[in-house]
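Asker: Hey, can you work out the whole structure from these sequences and the hints?
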Amino acid sequence: MNRVIIITRPFYDAATKFLFHWCRLVIDEAKEKHFKILDLKEDKANKTVLESYIKKHNPALVFLNGHGGPNLITGQNHKVLIESGVNDHILSKKIIYARSCNIASFLGPTSIKRGARAFIGYTRKFYFAWANISTSRPLTDSMATLFLNPSNMVMVALIKGQSAQEAYDKSQKIMRENHLHMISSNASFEENQYAPFLWSNLKSQILLGDKSARIV
Amino acid sequence: MKNKKVVKNNQKYSKVARDLVYERIFILPNDYTLSIGADEYDKEELLKGIKEGNEIGNEIIDLQLDYLRDMAAGAFYNE
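As they're listed, the protein sequences go chains A and B.
Sequential numbering from 1 applies to the first sequence in this note's numbering.
Sequential numbering from 1 applies to the second sequence in this note's numbering.
No lab work stands behind these hints: they were computed from the structure.
Listed below are several chain B residues computed to face chain A (Cβ distance under 10 Å; list not exhaustive):
#: 1; residue: I25
#: 2; residue: P29
#: 3; residue: N30
#: 4; residue: Y32
#: 5; residue: L34
#: 6; residue: S35
#: 7; residue: I36
#: 8; residue: L63
#: 9; residue: L68
#: 10; residue: D70
#: 11; residue: A75
#: 12; residue: F76
Glycine included, C-beta positions come from ideal geometry on N, C-alpha and C.
Answerer: Structure (structure tokens):
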């Protein structure tokens, strides 16, 4: 199996800034496991570069970050990266994790029909929160950690050779644990108030395609 | 036309439900931001959305009511 991972991480607003920095942890994990990383960051997170890199390098795993909708995901400056019925065929034979809103409700199933091996994504909006004082240090924000760490776990598990089902289960488990913490007496007031949003992410995250698919 | 749309959306939920969610959002901390899709919202913007019955307001109401139903059903402790 091709040990190449492609990651799109646009950076043009506060939300993409957080995702940009949190992807760094996934990149570090992949490098430790000797994967070749195609890091499509900032202006490189565009449709032309993505299509070109996928065609040339045939990555086994595609990690898409950014704003999206049921039938598309965007890259830098909200420009469309992949759209159902337009270029979702480029995801054929790959495992995809899309950290984006609503995408698993339509683009997920169509990409599976077009040959993607497995697709993990969200059928509703993807929520996360942060303290305003942490905007300049996204990785230190404890609230964002509760949301983005379990989300990263999908990729970490896949990189470690686990199946799509195992990666999905791992992420679900940590979201559930984090949610239970957030509603416990050990949680801060803020954590307690944002628990419903993490719960929504947990419920809307789905796995499509071959549950046994793995990249190593 | 905008006002008509707001009135129609507000009729989707009972006043009790809307007020309940409004109060739940009212106690959110003032110094946090919530990312929802392509936008970020502070507490005041969420409250405004709920009051106006716009898309984001209705989304928050849906989410919160869904959450409360799951809480009542004991879903938090199921595997």
